[in-house]
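**Student:** Spelled out, the chains give:
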Amino acid sequence: MIEFRSVSKRFDDGTLAVDDFSLVMPSRQTTVLVGSSGSGKTTLLRMINRMVDATSGELEIDGENVSTIEPVQLRRRIGYVMQNSGLLPHRRVIDNIATVPRLNGVPKKQAHERALELMDTVGLDRDMAERYPSQLSGGQQQRVGVARGLAVDPNILLMDEPFGAVDPIVRADLQQELLRLQRELDKTVVFVTHDIDEAFLLGDQVVILEKGGRIAQKGTPAEILAHPASDFVASFIGADRGKRALSIQTIDGAQVLVDGDGNLAGRLVEAGPA
Amino acid sequence: MTWVLNNLGLIIELTLVHIRLSILPIMLGFVIAIPLGWVAYRYRLTRGLILTLVGLLYTIPSLALFVILPPLLGIGFLSEANVLIALTIYAVAIMARSVAEALQSVDPDVRQAATAVGYSSWSRFWTVDFPLAGPVLLAGLRVVAVSTVSLLTVGIVVGVQSLGYLFTNGFQRGIVEEVLAGVVMTVIVALLFDGALVLLGRALMPWTRAARALPASPPRVAMA
Chain A
0 MIEFRSVSKR
10 FDDGTLAVDD
20 FSLVMPSRQT
30 TVLVGSSGSG
40 KTTLLRMINR
50 MVDATSGELE
60 IDGENVSTIE
70 PVQLRRRIGY
80 VMQNSGLLPH
90 RRVIDNIATV
100 PRLNGVPKKQ
110 AHERALELMD
120 TVGLDRDMAE
130 RYPSQLSGGQ
140 QQRVGVARGL
150 AVDPNILLMD
160 EPFGAVDPIV
170 RADLQQELLR
180 LQRELDKTVV
190 FVTHDIDEAF
200 LLGDQVVILE
210 KGGRIAQKGT
220 PAEILAHPAS
230 DFVASFIGAD
240 RGKRALSIQT
250 IDGAQVLVDG
260 DGNLAGRLVE
270 AGPA
Chain B
0 MTWVLNNLGL
10 IIELTLVHIR
20 LSILPIMLGF
30 VIAIPLGWVA
40 YRYRLTRGLI
50 LTLVGLLYTI
60 PSLALFVILP
70 PLLGIGFLSE
80 ANVLIALTIY
90 AVAIMARSVA
100 EALQSVDPDV
110 RQAATAVGYS
120 SWSRFWTVDF
130 PLAGPVLLAG
140 LRVVAVSTVS
150 LLTVGIVVGV
160 QSLGYLFTNG
170 FQRGIVEEVL
180 AGVVMTVIVA
190 LLFDGALVLL
200 GRALMPWTRA
210 ARALPASPPR
220 VAMA
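Each protein sequence line maps, in turn, to chains A and B.
Residue 114 in numbering that gives the first Met the number 0 sits at position 115 of the first sequence; the count goes up by one each step and never skips.
Residue 195 in numbering that gives the first Met the number 0 sits at position 196 of the second sequence; the count goes up by one each step and never skips.
Think of the hints as simulated: they come from the structure by calculation, not from any bench.
Hints are supplied without guarantee of correctness; some may be wrong.
[Said to hold, decoys possible] Computed from the model, here is a short list of chain B residues facing chain A with C-beta under 10 Å:
| no. | residue |
| --- | --- |
| 1 | Asp108 |
| 2 | Gln111 |
| 3 | Thr114 |
| 4 | Gly117 |
| 5 | Tyr118 |
| 6 | Ser119 |
| 7 | Ser120 |
| 8 | Leu131 |
| 9 | Gly133 |
| 10 | Trp206 |
| 11 | Ala209 |
[What the hints assert, rightly or not] Okay, derived cross-link-like pairs now, SDA-like style, lysine to any residue, Cα gap no bigger than 25 Å in a straight line:
| no. | chain 1 | residue 1 | chain 2 | residue 2 |
| --- | --- | --- | --- | --- |
| 12 | A | Lys107 | B | Trp125 |
| 13 | A | Lys107 | B | Thr114 |
| 14 | A | Lys217 | A | Ser36 |
| 15 | A | Lys217 | A | Glu59 |
| 16 | A | Lys108 | B | Thr126 |
| 17 | A | Lys217 | A | Ser35 |
| 18 | A | Lys107 | B | Trp121 |
| 19 | A | Lys108 | B | Met204 |
[Unchecked claim] Computed footprint of chain B on chain A; a stretch qualifies when at least three of its residues, placed anywhere within it, have a C-beta under 8 Å from a C-beta of chain B:
| no. | stretch |
| --- | --- |
| 20 | 92-102 |
| 21 | 121-135 |
This one's a predicted model, so the numbers in the text were calculated from it and none came from an experiment.
Here a beta-carbon is modelled for each residue, glycine too, at the ideal position from N, C-alpha and C.
Model the full assembly from the supplied sequences, consistent with the hints where possible.
**Tutor:** Here is the structure:
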C-alpha cells in the first residue's frame, strides 16, 4: 500500500506542483493518475521513488516513510517504466532488462537467464536479446522497458505514460498485455496518463487530477462514469458528448444506442447475470 | 629518393621514436581532461572560467612552454619529460572542452531513466554517461592525437629526438628531400593514430554502428 498524507511539492522556481495531496493506493491494484499537463501527476509518481522529494507531508510505502529510505536502494526495489522506454542505447536488450539485478549484484549468468524469461513474459522473441534498442520498434522497446521494470520482481511498478509515444494500434495491444500481466503478477501499479480511455481501461482506482494535484474525483471507472463529481470531471471524461453520451432510439420496435455524434453504438439487450 | 633510400634506417628509427613519444601525452591528456571537463559540464558557473583558462593554455607558444617548464618543475631543458609535459598540457587544453561537450551530448532522458532505475551517481557516470559520451569524446581525441603528433616535431629545438630532426637537419644541410621525408612521415604517423582511434571506437562502441545499420529508427547517440 502506498499512502500520501498531505503531500505538497514546491519546485525551486516557486511553482506549486502538488498542493496538500492525500491518497491511498491499495496493494495489488492499479491506480491510475489522470490529468492534463500541469496536474502534477508525474511529480506525484516520481515522489514514490524519490526522483522528487516532497516539500511537506508524508509518503509511506507499507507503513515505511520513504524519506527514511536511501533513494538508490528505494529505486532498485521499485519497477519504473517511462515514455520512450528510457532504455540505455549502448546496452543490448538482454543487458537492459538485467540492469537492476546486475546493480544489485546478481551474477551475470543468472541475471541473463531471468532476463530471457522476462522476454517471454512480456511477449518478446528471445532472438531479440542481442539487439540494441535502436534496432527495435517503439512497441518492442516499451515491452523491453516493462521487462526491465519487472526484473527484480518488485511489489510496486511505476508507469509514467508508458504507451504515450506509440501508435494507437500498438498502444491497444500493449494495454491488453498489461492487463494480462497484471492478472498474472498482481503488482501494485501506479500508472500516469493524460488519456481518460486508457485510465478507465486499466485502472481499478482512477484519480482525476486538476491543477496542482487537486483530486477532482477518485473511484472506480464505473463510479466516476455514473456520477461525475463536477462539471470539470464530466467534461474531462466526456460524459456529455461523443462516444460516452449514449441515447436510446427505437427503430422498428428494437431499441438501439446512438452516441453523441449520432453514430450507431450498439443495440440495447437484456443484461446478463452480473 | 636517393637520400630516403640511403637513410631508411634513420627514418624508421625516428618514426618509431615519434610514435612512442606521442602515446603518453595523448593518454595523459585524455585522463586529466576527464575531471576538468566533468567539472565544467556539471557546474554551470565554473564552465566558462575553466574552459576559457584551459583554452588559453593552447595559445602559449610551444617554444615558450619548453623554456618555462624546466625551472618551474625542476627538470632539465633537454629532457624528454619537458616535451612530454608540454604536449600533455596542449592535449588537456583541447580535450577538456571535448569532455564537457561530450557529457552535454548525452540524452537527458536516458540519464534520468538510469537514475530512476537505481544507478548511483558514480556508477551512472562510468557506465552510462561516459560510454554514451563516447562518440564526441572520440572526435576530440582524434584532434588531440593529430595535434600531438605534429607538435612533437618542435621538440627537436630543445634536443628531443623525433621526426622533427629531419626538418632541422634537412634545412641546415639544404636537403629538401629530407625535409619532405619528415613531413610525409609525420602525416603518416598522424594518420596511423587517427586510424587506430577509429578502430578502437568501433570495437568499444558497437551500438553506434547498430544504430547506423537501421536508418528507420533515428540514432540515439550523436555521431562524431
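**Student:** Please flag the earlier hints that this structure goes against, numbers listed from lowest up.
**Tutor:** none
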